[in-house]
Amino acid sequence: MSLKKYKSHTSYLLLGMLLLSGCFEKKSANQETEPAATTEQTPQPEPIAPAADESMETPVSAPDKVDVQVYLEISNGMKGFMPQAAADKEPTGFQSKLNKLISEVQDGRYVVSKSYYLAKQDAKGNPVLDSVSYQTMKGTIVGGIKSDVLGTPLPAMLEVALKNAVSQNAVSIIVSDFIHGPDPRKPEQFISLDSDIRSSLKLAEQKGLAIAVLADASEFYGSYHPAVKKPEIKRTLNGELIPYYIWVIGKQQEVQVVTSKVLRQLPAQQAYFGFSYTSVPFSALLKSKTFKPNGNVYCASRTAEVCKSINLLPEKNVPVEFTIGLNLNNLPLSMQQSTYLKSNLKLKNNGIKASILSVQAADENTKATPELAKYSHFVNLQVPQLTASSGAISLHLPQQTPNWIAAWSTTNDNNPAAAPKKTYQLTKIIEGVYALYRDRSEDVFQATIQFNKAD
Amino acid sequence: MPKLFVFGIGGTGSRVIRSLVMLMAAGVKVQNCDKIVPIIIDPDTQNGDMNRTVDLLKTYKQIHQQLGRRDEGFFHKDISTLSSIAGDGSSKIRDSFVYDFGGINKPFKDHVGYNQLDIDSQALVDLLFTRENLGNSLDVGFRGSPNVGSVVLNEIIDSPEMRFFASNFQEGDRVFFVSSIFGGTGAAGFPLLLKNFKDAHTSLPNGASLNRALTGAMVVLPYFSLEQPAAGSEADFIDSNAFTTKAKDALSYYQHHLDGVNALYYIGDTPDKPLENNPGRASQKNDAHLIELLSAMAIVDFMDYSDNELDNGQVYHEFGLREDVDQVQFAHLDSETRDKIAKQLIRFHYFERYFTMHTASDAQAAYAKGVDLPGAMRNEPVFKELNKFLTHAEFGYQSWLRELNRKERTFAALNLDETDFNRMVSDKQIETGLFNKGINQNAFVKELNKAAEASSERNAFKATIQAFEKATDVLVEGKLKYS
Amino acid sequence: MIQNFFSGLYELFLGRPLPANFTNDYREVIFPNTGLMLLLITLALVLIYYYVLNSMMSTGLYKTKHWVLFLVLNAIIAFAIPIFQVQGNEVEVHSYTYTFAFVNTLYSIVLFFVFSILLKRGSVQAWTTPTKWPTKK
Numbered sequence: 000m001s002l003k004k005y006k007s008h009t010s011y012l013l014l015g016m017l018l019l020s021g022c023f024e025k026k027s028a029n030q031e032t033e034p035a036a037t038t039e040q041t042p043q044p045e046p047i048a049p050a051a052d053e054s055m056e057t058p059v060s061a062p063d064k065v066d067v068q069v070y071l072e073i074s075n076g077m078k079g080f081m082p083q084a085a086a087d088k089e090p091t092g093f094q095s096k097l098n099k100l101i102s103e104v105q106d107g108r109y110v111v112s113k114s115y116y117l118a119k120q121d122a123k124g125n126p127v128l129d130s131v132s133y134q135t136m137k138g139t140i141v142g143g144i145k146s147d148v149l150g151t152p153l154p155a156m157l158e159v160a161l162k163n164a165v166s167q168n169a170v171s172i173i174v175s176d177f178i179h180g181p182d183p184r185k186p187e188q189f190i191s192l193d194s195d196i197r198s199s200l201k202l203a204e205q206k207g208l209a210i211a212v213l214a215d216a217s218e219f220y221g222s223y224h225p226a227v228k229k230p231e232i233k234r235t236l237n238g239e240l241i242p243y244y245i246w247v248i249g250k251q252q253e254v255q256v257v258t259s260k261v262l263r264q265l266p267a268q269q270a271y272f273g274f275s276y277t278s279v280p281f282s283a284l285l286k287s288k289t290f291k292p293n294g295n296v297y298c299a300s301r302t303a304e305v306c307k308s309i310n311l312l313p314e315k316n317v318p319v320e321f322t323i324g325l326n327l328n329n330l331p332l333s334m335q336q337s338t339y340l341k342s343n344l345k346l347k348n349n350g351i352k353a354s355i356l357s358v359q360a361a362d363e364n365t366k367a368t369p370e371l372a373k374y375s376h377f378v379n380l381q382v383p384q385l386t387a388s389s390g391a392i393s394l395h396l397p398q399q400t401p402n403w404i405a406a407w408s409t410t411n412d413n414n415p416a417a418a419p420k421k422t423y424q425l426t427k428i429i430e431g432v433y434a435l436y437r438d439r440s441e442d443v444f445q446a447t448i449q450f451n452k453a454d
Numbered sequence: 000m001p002k003l004f005v006f007g008i009g010g011t012g013s014r015v016i017r018s019l020v021m022l023m024a025a026g027v028k029v030q031n032c033d034k035i036v037p038i039i040i041d042p043d044t045q046n047g048d049m050n051r052t053v054d055l056l057k058t059y060k061q062i063h064q065q066l067g068r069r070d071e072g073f074f075h076k077d078i079s080t081l082s083s084i085a086g087d088g089s090s091k092i093r094d095s096f097v098y099d100f101g102g103i104n105k106p107f108k109d110h111v112g113y114n115q116l117d118i119d120s121q122a123l124v125d126l127l128f129t130r131e132n133l134g135n136s137l138d139v140g141f142r143g144s145p146n147v148g149s150v151v152l153n154e155i156i157d158s159p160e161m162r163f164f165a166s167n168f169q170e171g172d173r174v175f176f177v178s179s180i181f182g183g184t185g186a187a188g189f190p191l192l193l194k195n196f197k198d199a200h201t202s203l204p205n206g207a208s209l210n211r212a213l214t215g216a217m218v219v220l221p222y223f224s225l226e227q228p229a230a231g232s233e234a235d236f237i238d239s240n241a242f243t244t245k246a247k248d249a250l251s252y253y254q255h256h257l258d259g260v261n262a263l264y265y266i267g268d269t270p271d272k273p274l275e276n277n278p279g280r281a282s283q284k285n286d287a288h289l290i291e292l293l294s295a296m297a298i299v300d301f302m303d304y305s306d307n308e309l310d311n312g313q314v315y316h317e318f319g320l321r322e323d324v325d326q327v328q329f330a331h332l333d334s335e336t337r338d339k340i341a342k343q344l345i346r347f348h349y350f351e352r353y354f355t356m357h358t359a360s361d362a363q364a365a366y367a368k369g370v371d372l373p374g375a376m377r378n379e380p381v382f383k384e385l386n387k388f389l390t391h392a393e394f395g396y397q398s399w400l401r402e403l404n405r406k407e408r409t410f411a412a413l414n415l416d417e418t419d420f421n422r423m424v425s426d427k428q429i430e431t432g433l434f435n436k437g438i439n440q441n442a443f444v445k446e447l448n449k450a451a452e453a454s455s456e457r458n459a460f461k462a463t464i465q466a467f468e469k470a471t472d473v474l475v476e477g478k479l480k481y482s
Numbered sequence: 000m001i002q003n004f005f006s007g008l009y010e011l012f013l014g015r016p017l018p019a020n021f022t023n024d025y026r027e028v029i030f031p032n033t034g035l036m037l038l039l040i041t042l043a044l045v046l047i048y049y050y051v052l053n054s055m056m057s058t059g060l061y062k063t064k065h066w067v068l069f070l071v072l073n074a075i076i077a078f079a080i081p082i083f084q085v086q087g088n089e090v091e092v093h094s095y096t097y098t099f100a101f102v103n104t105l106y107s108i109v110l111f112f113v114f115s116i117l118l119k120r121g122s123v124q125a126w127t128t129p130t131k132w133p134t135k136k
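Protein chains in written order, with numbering that gives the first Met the number 0: chain A, 0 to 454; chain B, 0 to 482; chain C, 0 to 136.
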């Protein structure tokens, strides 16, 4: 009998224990430090608030729709890209690209208001923008250029187009071969090309606009007018590849819309200027099962969904390794390439020795994992040593002139057959653009994680 | 505080004192005295009844001394030897509960110097005593022959013991005699001692105090018979057929010659089946009998009266049961008697039953562990004394109770063979149910623990006895609800 | 304060939490929760043993073996708490978890004993369990 009594007491006891543990679970869920004496289940504010804060940090997604102005240079040098259409003739790459482009501008869902301009120069060598209809623009592209227009001075044309676009708050898409054809009366322009370009685009920098430069090459039929007039003033080409450029100038987000939604298939050669992200979403991933950290490292905050402050303590033979998740979806496409990031992502370390072990783009696996789905890239870091008890690790992507610029540039474009896909003094043009934005921001983005030595 | 001197004369005296000791052990209160001094007078030094009473007294004394002086509880009444009442060890007499007759091992004939007497005196002696009387050795007692006893006992008045008694007798002390009316020693000894104490010209010291002493006496009328000796055997036996005759003679003597007795108690019963006829020596060891227990209660009753109440001339008491039943329960006792002893005896019985049956397995119980009872039980002599008191095959409580249960008129109020506390008291059993287990070991140990917890006593023996006193009190009042 | 105390108490024998990325789950939640639960449950069991079963109820469960039974019961609970805590807080179960449970079990035994010694004197039936010392008399 006494045993039976005793058993029933035990069950009360266990019951009491369960109640107790229940009360504690709740406490831990609410990240309270003082023992939660309240047992009633009053709905506490769920940790939604901090999550909301985090979402604020993700940049306002690019506007869905943009205003676009398309500028097509129609100097004589461009004629070879747009030969008269014939049944037996394939359209050139330029024609099909441009056709798609204006079609997308005209009928695509991402463009609200659109206008088309043909850029040329008047008799005095001043640039002129003829506002034309979509049909005219289309006809020009497929039917060839009828008028006779001498070379366009590049800086002047850019300046006018830009001014026009800015005044109407539109993104300008400027299509040109970017062969500098200065007024024969002003040959010094060759020398000051970079500074002239910089001057002409000053407005863009002032207005906080960004520039995307996309380079492609197309078959060229007919008279080719090199910048360097020796030995030949002009050459007749029959399908050689000549570079042409599409410049997109506008607000960073709008340029992104144009490049990703309107242009869609971008050539490999891309250069971006003035692109800068005050913040990209990122977090140290310390509790992920996919990216398990090594060594002594943990987030300073137990409950933070996004961890930007960590505690770590590398030990001899046990370096700390952990992964930072980044959402780079808003970056220009070329910058999202893992290979690009691998070679260009840099670390700024303060009080710590750290290095990047690997950069990995999101894959099916990470996209399927809720807490990882919001990140596009995963950067694995190794920390073998601390040099101070607190500090920061900064992952940043410096502004960079891409390599292809040099490859596509030449000092003598006289013979494109021998050296195809080269533009006269492209480097100088790009230098001018680069100089414009050089002092605005060194980095495309920066992701900084604070650390403290773990105790 | 005054003392009570109890003279237990002969075998019956011993046996009544035995029951008295049991009552004292149970904590029955005796008023108006703080010390009982039993003096057993029996020339038969080998007498079994006497010897086991003496052993019991010795054991009681040890236990009482260990517990110290208290006003109530088990063993609380001081029972001392005659010699110890001087208190200073100056007594020249033997420290014993028994009067020392000092080696009277010769025949009565030699004792009185029969052969040296002139012929006339011899003729007188022959007239008064039978040939057997004269030939018998005295160290077996007087074998139901008061005529022999009165001669021999008269001499003890001049003994050192009697003088010591008299000189230590103080104003206020009381005297109580217990004797049988039909035996040898008792029938002769009681009137003889009384006469000497109350004689204004007594040769004893302190005679005036003795003369004035309040005196009670328990006279036991025949209550048993003895087997008739087989035909042809030696006539060296007591003839129980003569009991009634002798009693009659004695009573008629008492009627006129008992002066100075303030309260006289009579008790008797119709004889039971005859006892084995063992005249004296160790073989005279009769089973305890209800009559003796009731007789012992007379002493308690006597002490209940205040001095003033007793001073108003001689009072006679006779004992009677409510019903003439064979198995006497507490309920058959008069309510006054029952109130005095029942609860105490039940408590003591509970104590004895629990202590002997369960305490050994209670080593871890708080009341035991707190005072290291197991160690004390192994090492302290007093626990051996207690064990003897409770379980000794000769004189222990268990044998006493068992003997009381053996007769045709039995004391059946407490059942020794019952191990269930709920059924130990014959006329009041505890109703038990699913949730009320009455008194079991758990309930008992719980009360013991409670009692021990409330006590600050550190001596294992004292603490244990006190715990049992308290626990049994709670159990009797709370569970048994005896009233 | 409480967190530091319990973290220090457990890390004294366990060392840093493992896996390390759950360090503050241990320090801020699991250690203090476990420690507090250990304290409260042990205290509750001791109180139940001494004051409910052995004072109010007098169940006869005063023997050392019954006390040991409660001590073992408490130890089992103490072993289970860390594991439930670790799982309940979605922390990866590691061999550290079981070492932690083991250390908690040891603490529970020490604590049960200490509470017993401190509180047993108020018990009626079991103030001598498990030891007579320290005697209240």
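Note that these hints are calculated values from the structure, not bench results. Keep in mind that a hint or two might mislead.
[Said to hold, decoys possible] The calculated SDA-like cross-link candidates involving lysine to any residue, where the alpha carbons are at most 25 Å apart (straight line), are: (1) A/Lys99 with A/Gln251; (2) C/Lys64 with B/His357; (3) A/Lys145 with A/Gln251; (4) A/Lys288 with C/Val92; (5) A/Lys286 with C/Lys62; (6) A/Lys291 with C/Lys62; (7) A/Lys315 with C/Ser94; (8) B/Lys461 with C/Tyr97; (9) C/Lys62 with B/Asn378.
**Request:** Sort out whether B/Asn378 lies within 25 Å of C/Lys62, counting only the CA atoms.
**Result:** holds, 23 Å
**Request:** Assess, step by step, whether the Cα of B/Lys461 is no farther than 25 Å from the Cα of C/Tyr97, and give holds or violated.
**Result:** Measuring from Cα to Cα gives roughly 52 Å; hence the hint is violated.
**Asked** Under the criterion that the straight-line Cα-Cα distance not exceed 25 Å, is the pair A/Lys99, A/Gln251 satisfied?
**Response** The given pair, whose Cα atoms are some 23 Å apart, holds under the 25 Å limit.
**Given hint C/Lys62 paired with A/Lys291 - CA-CA distance at most 25 Å** = violated, 52 Å
**Request:** For the pair supplied as a hint, C/Lys64 and B/His357, confirm whether the alpha-carbon distance does not exceed 25 Å.
**Result:** With a Cα-Cα distance of about 18 Å, the restraint between C/Lys64 and B/His357 holds, given a limit of 25 Å.
**Message:** Hinted pair, alpha-carbon criterion (25 Å max): A/Lys315, C/Ser94. Please report holds or violated.
**Reply:** holds, 22 Å
**Asked** A/Lys145 and A/Gln251: Cα distance at most 25 Å?
**Response** Answer violated: A/Lys145 to A/Gln251 is near 35 Å, above 25 Å.
**Request:** With a cut-off of 25 Å on the C-alpha distance, tell me whether A/Lys286 and C/Lys62 pass.
**Result:** Outside the cut-off at roughly 49 Å; violated.
**Message:** Holds or violated: A/Lys288 and C/Val92, Cα atoms, limit 25 Å.
**Reply:** Measuring from Cα to Cα gives roughly 13 Å; hence the hint holds.
Of the numbered hints listed earlier, those contradicted by the structure are 3, 5, 6, 8.
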